[in-house]
Amino acid sequence: MFRKWFKRKNRTVYEKRFYCIVRNKRIAWSIFNDFPVGLFIVSPDGKMIGNKALWKSVAIDVNDDRDIENYRQVHGDKMHRLLSVIKEQDGIFFDIPVRDKNNAEQCIRSYVIPVRDPENKKVLYHLGYVTDITQRKMIEEILQTNAEKYRVITEELPVGILQSGMEGDILYANQYLLQMLGYSSFNEIRNQNIFSLFIDDSLKTVIGEKIASSPALWSFEFPSHTRQGESLWLKMTGRTILNNQGEEIYFYAIVENLTSRKQAEEACWRTERRFKEFTDMLPETLFEVNAEGIFTYLNKTAMGIFGYSNDDPVPTLWEVIAPESLERLKKNFYKASLTDYATDNEYIGLRKDGSRFPVTVYARPFFEGNQFKGYRGILINISERKKAEEKYRSLIEKSLDGIIIHRNGVLLYANEVAYNMIGYRKGTALNIYTDLIHPDEEEKFISYHLKRLQGKDVPSIYQTIFINKEGKPVPVELNNSVIEWEGEKAVLSVVRDLSQRHRTENELLRLGAAINQIHEAVVITDTNGVIEYVNPAFERLTLYQAGEVIGKKTNLLKSGKHSPEFYQQMWNTIVSGHTWSGTLINKRKDDEFYEEHCVISPIKDNAGKIVNYVAIKRDITEERRMEKQMRQTQKIQAIGTLASGIAHDFNNLLMAMQLFTELVSKTIDKNHPAQEHLARILETQARGKDLINRLLAFSRHTDEDHKEPILIHYAVSEALKIIRSMIPSTVRFVENINDCGYIMGNHTHIQQILMNLITNASHAMEGNGTIIISLDKVDFGNDASVKYACLIVRDTGIGMDKTTRERIFEPFYTTKQPGQGTGLGMTTVHSIVKQYHGEIFFSSEIGKGTVFYIYLPLLSQKSE
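Numbering (my numbering), first residue to last: 1 to 864.
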């Protein structure tokens, strides 16, 4: 075949050279032609030479040159085009679809290498071999179809699917894994390495060794991150794939996102650690024990409570409960395991050294499925509570108040005071509703009780009425609270007997009413003199309202009439615990002075400590005025008696002097020079006689024999007629005289009263001003049956100063110049008014004149 081909005309030099090589090396040709794999040579112009195996692979008879030539013509140009693409490459695989002589489709895979000239490196021809991969392609198509199906499945799986080379190059990742890592498509991570993509370099060696160490299924967890840098925890489970030679070629894996689980585990771990710390901090024993009494858990405190060190073997539950309590504990535990209810009872605990102490065990069975496993609970050392209970039990029993515990009408407990309060012997079984509560209070008591147990808002403190054993009502105050009593809610009531309080309150009410109604002022202060209480009499006395003085010191009443030493002596007395009494001059709100008799006493508590002061004040201003007036009257009376005696004796002397003077005057000549001197003696005697008459008139004012019923308005009018002529005409008179009826008196006295008052008014006005005289009937004093004639004399003079006001009624006191007045005028007026059982008042202020008010009792119609 080669010979024919070679003899053809127009063979190229290369073909000829090749022929020569072949001819010279028949052995090589034989090897080429008989080689079991299809071999071929392609010239640069696309001519192809193939061996037997090549033609056989495409179903061509190797002896049929025509078939071979047709095949070369059909496929040679394909070879030529492919070679033009790969002519610059050293070798390449490519698949070529072909048809055999029967026109059946085939697919062959070729590997072609160029053969170059050793000198100029020019490609002389291409040498290659072919393999029929038609069956393989069919299988690959089938696999590709199945792979598509599996790809759809893997894309829909809710876990990440990964295929990677042994160096970490990513061959495949499903959409779930891409989303997990923050990518949108596979192209974004194609040709990337998993160790740079989502596994830290620090883990590369460890994970690489784990993957390569065994072809069996492997799994591990590791921290990772998303494309955006968010932290992740991943779990990778996979298998390493080996080739026929046992070499690792790639691995595939399932990637799970454990971030949420890790976060939950972290939270659980933190919670577990926190609660473990809490339980270890608790001063009581927390335990878990199995059915045999062996502890499967104990908190840190437990060993120390029972006297064991941490190096000691852990005892069993049966070893830390005293023998006298152990059987009862086992029975209670057994009952709890049958009912699945918690048990709480008191037992005697046992320490390592054999000492005993009271404990309370709260425990509940626990199960795994339906299988009983043991108990969990807490064991509490109640030694201190027992001591406290004993102490409080003693306090309750010794309490001054009654204490009862009850539930739904049943008396569960009562101390001795409560029983004594209602008259029953201690321990008597009683029903609250029927035996204690007054029928009128039963509905309210039951309603409050039930609502309180239900947790509703009701008054905790209120008053009600109990019935004692004798059926008598006992007013009480209840202070209620809800407690646990033998595992159930109950009400603890502190009962206070109000009988004595009510009696005391009534006494205090009466005392308060008495203090509020007495005439004397009452003031209560603290130890610093700050006012805390005043009664209404204080308000009337000082004109201050209670709200104005409470919280202020008593020195607001100071008048300045007493020295600091006076007040210091007062404080020294009361601070030492003694009572002080005396007279004080204080000042009212209107700045008027008043005089009071005051008694100040300390108020002490049960310990004898002074806590307050109380002052009882009585207004004695009027008493002092009356005493002064009494002394003045007595003084006037004494002076009158003295004046009467002197007047009679002096009158006798004057009469003798007058008689002898007149005798001498008659015995000498009328023109005798001595007559003038005798006339002066008689004039002086006349003035002395007038003074004697005044003294006699003053001394006779107490004599009632000269009084008779007279019309007071007539007596006043007649007196004014006489007096007006004696007063300067520059003084203006205004009269308002009304008929008032009769008084017991005489006209001379009325004339003397008006003469003295009007004369003094005229002098005060210095002969220029207005005098207003009025007379009217009025009520005066406390006896409404007695009417009075009120005579008022008002002037517009200069008024009186304080000294004059205080001494106006003193005998011989005058404001006139020497020789112009005797000082008996106002004394005479005062004496006449008092003789008529009347009253005289006046008011005067400098620059505003003076007003005198004279009240004279009128005769009743019957007396008239």
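Calculated from the structure, these hints are not laboratory results.
Mixed in with the good hints, there may be bad ones.
Said to hold, decoys possible - List time: in silico DSSO-like cross-link candidates among lysine-lysine, alpha-carbon distance up to 27 Å:
1. Lys330 to Lys262
2. Lys589 to Lys802
3. Lys561 to Lys628
4. Lys777 to Lys721
5. Lys426 to Lys489
6. Lys331 to Lys352
7. Lys707 to Lys689
8. Lys489 to Lys456
9. Lys387 to Lys352
10. Lys300 to Lys373
11. Lys628 to Lys670
12. Lys707 to Lys787
13. Lys558 to Lys628
Going through the hints against the structure:
no., hint, verdict
1, Lys330 to Lys262, "violated (42 Å)"
2, Lys589 to Lys802, "holds (20 Å)"
3, Lys561 to Lys628, "holds (19 Å)"
4, Lys777 to Lys721, "holds (22 Å)"
5, Lys426 to Lys489, "holds (23 Å)"
6, Lys331 to Lys352, "holds (24 Å)"
7, Lys707 to Lys689, "holds (25 Å)"
8, Lys489 to Lys456, "holds (14 Å)"
9, Lys387 to Lys352, "holds (23 Å)"
10, Lys300 to Lys373, "holds (23 Å)"
11, Lys628 to Lys670, "violated (56 Å)"
12, Lys707 to Lys787, "holds (19 Å)"
13, Lys558 to Lys628, "holds (24 Å)"
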